[in-house]
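Engineer: Protein sequences, first through last, are from chains L and B. Using the working numbering, the first residue of the first sequence is number 11, and each one after it goes up by one. Using the working numbering, the first residue of the second sequence is number 223, and each one after it goes up by one.
Hints were generated in silico from the structure; no laboratory data involved. Because the structure is a prediction, the values reported are computed rather than measured. Treat the hints with care, as some may be off.
Taking lysine-lysine and the DSBU-like style, the derived pairs with C-alpha atoms no more than 30 Å apart in a straight line are [as the list claims (entries may be wrong)]:
hint	chain 1	residue 1	chain 2	residue 2
1	B	K279	L	K125
2	B	K235	L	K52
3	L	K78	B	K279
4	B	K279	L	K47
5	L	K47	B	K235
6	B	K235	L	K81
7	B	K279	L	K117
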Amino acid sequence: GENVEQHPSTLSVQEGDSAVIKCTYSDSASNYFPWYKQELGKGPQLIIDIRSNVGEKKDQRIAVTLNKTAKHFSLHITETQPEDSAVYFCAASIGGPLNDRSGGYQKVTFGTGTKLQVIP
Amino acid sequence: KAGVTQTPRYLIKTRGQQVTLSCSPISGHRSVSWYQQTPGQGLQFLFEYFSETQRNKGNFPGRFSGRQFSNSRSEMNVSTLELGDSALYLCASRGSGRGWTDTQYFGPGTRLTVL
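Build out the structure end to end from the sequences listed, making use of the hints.
Structural biologist: Listed below in structure tokens is the structure:
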């Protein structure tokens, strides 16, 4: 099955600096790569995602890059703020169409998480 | 739109008991997935339901089961609870019934403690 490795497990940065979290996956059939942020006592919140036909995606201070050949993808947060402190999870997903005819399926494998601390 | 809701938020049970957790997906979403989150094992997939049918299943024993109703609401049941079942159980919904819809949205979770 799919295996997703995530590094580092903890990351401390000064406010205003950049943070980078890296993930590798094993199954070349994976075609969707979301990133989630989880704050204490809450469920994971989607912050950005990328599909396998795209190499890079950016949303304000957050960007994700994907290298299909090397099977790795990364999350970049620029100008970090204290409210960015949380646990971040990457995931690799293999999915099929979700409709009544085919039924659909999705197999999602999560990384082990990175605890990001932004120091004011 | 309201997000994914889960009830109850907290549960305390004893070994051998059974428990039922409930999840209401985002309006219009027809797929519901369940995950178990523990410090040691991380986020692990339990199962996914779509149109009242289980479409996919993770590697968990048969004590873990689920179902989905015609309104897309889902319940998860764990029978004969063990100490190791203590975890945050997360529900995620996706899809609007049109083709490819990969994006999952998570609820706040139900924190289950087994004593």
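Engineer: Could you tell me which of the hints above the structure violates, numbers in ascending order?
Structural biologist: Hint 6 contradicted; others consistent.
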